[in-house]
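The task is to assemble the complex, starting from two chains supplied on their own in separate frames and drawing on the hints.
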Amino acid sequence: MLTKLLLTPHALKMTTLGVALISTAMVAQADEAADYPTKPIQFLVAAGAGGGVDNFARVVRPMFEEALGGARITVINLPSASGALAHQRTANGAPDGHTLDFASTTYVTSLAAGQNPVGLDQITPVARMQSDVMALFVNPQRYPDFESFLEYAQANPGKVTVGGTHTASPDHVSFLSLRDASGLDMSFIPYDSTGNATANVLGNNIDASTTSLSPLLSYIEAGQMMPILVFSDERLADFPDVPTTVEYGWDLTDGNDRAVFVHADTPAPLVQRLEEVLKGIFDSEDYQAYAERVNLTYRDGWMAGDAYRERLEHNYELYSRLLSNEQ
Amino acid sequence: MLENFLGGLAVVMQPLNLLLLTSAVFIGFIGGALPGISGVILVVILLPITYGMDSTTAFMVLTAIYGATVFSGLITAILYRAPGTPEAVMTAFDGYPMTQQGQAGKALGIGVLSSAIGGLVGTIALIIFTPMLATMALRFSSPEYFALAVLGLTVVASLGGRLIYGLIGATLGLFIATIGIDPLTGTSRYTFDNLNLMEGVGLIPMIVGLFAVSEVMKRALDQDTHQPLKKVKVKIFDLPILRKIGPTLTRSSLIGVIIGILPGIGASTAAMVSYSETVRWSKHPEKFGKGAPEGIAAPESANNAAAMGALVPLFALGIPGSGTTAVILGAFIMHGLQPGPMFMMTHSSLIYAVFAGLFIVNFMILLFSKPFITLFTKLLNVPYSALGPIIIMCCIVGTYSVRNSMFDVWLMLGFGVLGYLLEKLKFPLVSIILGLVLGPIAESELRRALSMSQGDLSIFFTRPISASLLAVAALLLAVTIVMPLIKRARLNSATS
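Each protein sequence line maps, in turn, to chains A and B. full-length UniProt numbering numbers the first residue of the first sequence as 1 and each following residue consecutively. full-length UniProt numbering numbers the first residue of the second sequence as 1 and each following residue consecutively.
Excised from the complex, chain B in its bound form (with noise of 0.2 Å):
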């Protein structure tokens, strides 16, 4: 395996191959940061445009696009809370607080480190387990999903603020997640008739709106309470920081590697889960979404490691693991190659370039993340009368993009006008997000699952994996609600 590895690396070091590279990180970065512009646009875009090369090099590119797009979304999320992909929503969530805050710096150095390690985790993981990796996701089925679902659910209990928020904004995001023809029956709910709303209410252009749009209203109606930003100094290597967040990158990696090899869930439902498990260890955890830097190392670790991961079943099996590797398997396929349970054998020297590449790849993320942000940083300088009009308009130019639908900018904005108003509620957006992201897989799972069992319940409970995966979710759920009733418990006895 070495062998090949260094083989692998022999060819990304090709002085033309490492060019394609950088330039493939750059434009990644680019695409990354541009809320709209995914990962998945990218590489349909850049596509064509590799049919002139070979495969080894057409692919080193395609995924290097992927792996930068991944990482650069963080930067505007931070910056100006307008999550650049779907992927860093929840890096929003505390990175933007710092921002406010006045440690823009700090909270970006956070999440270039955090995502440079994450994503080396996810490398290593895919070059030394694919096979082995592969064949475990396989018994994962759908009441393995629904469990993991539910367990990213519970976490709503433990997330800060007020408890009935948390609930009112999860079931608003699951409601939303029912719009649309029912994958299973193929019944319309509420689309009323219609066409635009068959197909569901887009991730994107709600995650635009609520975050984005949301921000720029509010900047520009209410007192503007922000820190002015002099001078932003990105510091990567931070050796305190390191040590506070060094457990949650650990485990934030791990858990998304383990997610992002699951064929079908991808990313950004890592970056969700590996979110809420950190709240749920954490000690502090009204410390959280008012700038924690743990909650950006969590989702940034992890989502760079789940779109590593989400590489492993599409090159051991020819399943992809997410959107943005299902447009990879299809240009696999435009040139000619057919990944499957075989495809490591027969184009073993191809597939370690790509993991060489992806490897030097995450060391560029750190090498040229600082110049990059910086360019960014300098638009800080401008004045917010006229950034805002430019984030819109970058905001309305990607959502359209996506499904070239001017439906969905409206939706879009409509969503801007939403997330106002739920914040002056003091509303806790991350909540409806939840509920959005894990709704769809825990309800069509969960009728999947009883499909598969001709409608017999116990199957989510024989089945090992998501009998315990259930078993925690409702330990830490009893947990989260009778821990706090045992403490004023105590208060009660000790002032009485």
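Okay, chain A solo, but in the shape it has when bound (with noise of 0.2 Å):
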């Protein structure tokens, strides 16, 4: 019957069509990614002027520059709502990888916080570039590792009290999970800012700090704040004795991600090209260096878009579940 359809002569001419329609659609794409890009270039940032994610878009910009042989690119900090403009403004625009989104794991965790109305069939990754690992800090005066917190929050339930920037943040989401997964009974504390967490660490106003460790490494050194348990599933080369997640039995392995995402109508081909383009400036010893430089070189910040998009979706999912325990 479905043959008798198609061969009718009517059907076959609209067979034909289509698929010449659909072949000519593949070339134009094709085209698309070649000549690409066709017009200025906009990197939204969505996040403030002078962050992490600020600075990566902006080591970014140059190298991009350059691998398409003279593009030219703005730079355009969105910080409102976490970062949800940038994110609505790269779904609302054109299809055609001109608007680039850098953004930080606060993506999806204010998306599974519905702080965000921007979810992952209005954008898809590039790929990701870096991702700082998670760990829990202490004042080592207070607890020399994991183990006597450990014994202390399990026979102090609901004392132990654990700091990290606002709720929903990638600090938040990595204690919830914490929490959810080793049962201790503590409770988070939302501070403005990574700094003002520490501070009340090393005031011993506060037991821990749930955050990533590049931007601590200098209180390690000091002495000062110590990591005791790492989101990882392997330990860390410069920190032998800190035992991760993973041995404990939990499969935490999140970090803070930098990614670059574009509309998710985007053409395939486009798609490629660009996180062939991201590939590059990653494996170059120039951005090499810059990630050297801010300590980002723990594990490996590099995933294909495909698995991140993955991983990302995997996250909402245990994202909202654990934010709406809370709430």
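In case anyone wonders, no lab produced these hints; they're calculated from the structure.
With the C-beta cut set under 10 Å, the calculated list includes, among others, these residues of chain B facing chain A:
| hint | residue |
| --- | --- |
| 1 | Ile41 |
| 2 | Ser142 |
| 3 | Pro313 |
| 4 | Gly321 |
All of these numbers come straight from a predicted model, not from anything done at the bench. Just so it is clear, CB atoms sit at the ideal spot from N, CA and C, and this is done for glycine as well.
Put into structure tokens, the structure is as follows:
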């Protein structure tokens, strides 16, 4: 019956037309990828000027310009609403790869918290380029290691306070996932910045903080703060004595990621092209020197778009569950 | 230490560094004077240029820009009631009335001198006490911040004018501060599902609207009662004035340094608290807001002292004390340096060069501000029909550039209309700003403190610093309420 239908002259014509249309579209897409860029490019930074994501975008910018043989790029910071405006502008723009959204893990945590209306069906990751390791930090005078922290937390349910940046931040979801996996009864105190949380750990006002490793290295060197548990599947070469979450049977390996997103309808060949450009930048000496300088070489930052998308989808479900329990 | 400092001074005195420092001061002057262009934005824009410099020069330049912006916000605040930076809002309250009375030169002179003195006190504190003060600042946690904010808010009772207006204003400020995502629970408050409101109402759109735009509207719509300004002569060293504002300068510089050192609250809060305390301790609180010289000296010495103080936790602990210092911290990281507890030891030559640079910058402010201000006062000869629109345009561009948000521009214009109407009702704008700046500190620190203690209120009274601050606030509040009653009772008994 189906064959019959297809074989009618009219249907045949339509099919041919359809095939022709699809192939022209594919040619056009391939052209689009080859011609890219056809106009000035915008880097939208989903964070304020001067922070980690902003620095990342501004370091990539000249390398990106060079890789494309002289593109014109403007960097625009859109920090409002945890960067949701940057995602919205990317999703509402043309799917032509000329608007790139530089975002951190805050994208998926704010999505899970319902503070960001732009879902993974509207924007898609091109690649992840940085992943800072999350860890549980304490003042070593208070807890020499994770075992002693664990003992105290088990003996004093509800007493332990852990700080980090605002609600639904990467710090906060790390705390929630640790609490969820370990079953410890602890409470989270959100601060305006990592610095304030750190100051309160240093001043013995709170027990610990969950945050990423690289900004706290100098405190670790000075012996004033210590990571006692890292969110990683294997121990870090620089901290061989610090146990990992996986060792305790908790599958929590998320870091604070920085990645590049585009409109979800961007043609696949173009996304491919952008990913190749970013990979080239990532592998370059200049970029690696920068990563080294800001201490982002504890683990491989690179993750290709598809793999990262899967990870984000998984994390979205996890974080949604954790944050909805919280409210 | 002195040796290190002299070493730093030698670095600063190299001709190229001196030239760069001078340019940095001028860039800071311009940026600070334009409403909306703040130190944060300037540092971010100029950061890539510093990649080519060695890190010592780079940080001398960046901190000099930072110091100069905090100073020059006062110029437009005094001349046009358009505070160039949030730190200069309080300066407009008494500075602008002085301009209206034809005393712009005197007001600017007081501002420049107070800034330089505050800045010097701050720099000296920075040089001598950095390691010591930083550890003391760590004893300040949520209960102490809450107590400090409460102390600041109680001044509403001492401000001149009708108390009920002050209370309504402060409440309005507190209300506006609650808009946005609640930082502690992540719940949206009064955002009406509008993404632009999630981050809350920015301080810049609000200040620029309430002060600068409303003033342009007033002069356009109402009878212009301005004294025509023929010639503005800025007099920086004026002995009788200096004698008058001396105690205020001392107190406010100290308040500024202390508040600046506390991580998380910056120069704007310092200016506000020192203004409040000056009003509270003055024998003539009714003169404030109408052109009291102390009303300029207090916020200007405090904000410059605080700007320097905010560098203390940055250098000693790697914890930024304010928005701009947070960006400077980012700049350090981009230069491959990591400020932290060891930074003072590992990079002492860099730090002392920066200290010496800041020291020199305060003298440069004294030296260069006069010609720079003259440029601005020349603008006063431009008819207001031309100048008004230019001010509005600067306000729009400046506000937009903060977050690249057109929404903020509309918000700012809305606040302009609101400010115009409130002033018609003789409403004290100062109380709104007090509520807006101190409200979020009080709210979130109260809740943080209660999470720390698992809901036990005694945390505010068992910690010595918070207990004393709260006791002082209660005492002062009692005095301001009881004193007028006693006076009235005496007056009654005298007449009867």
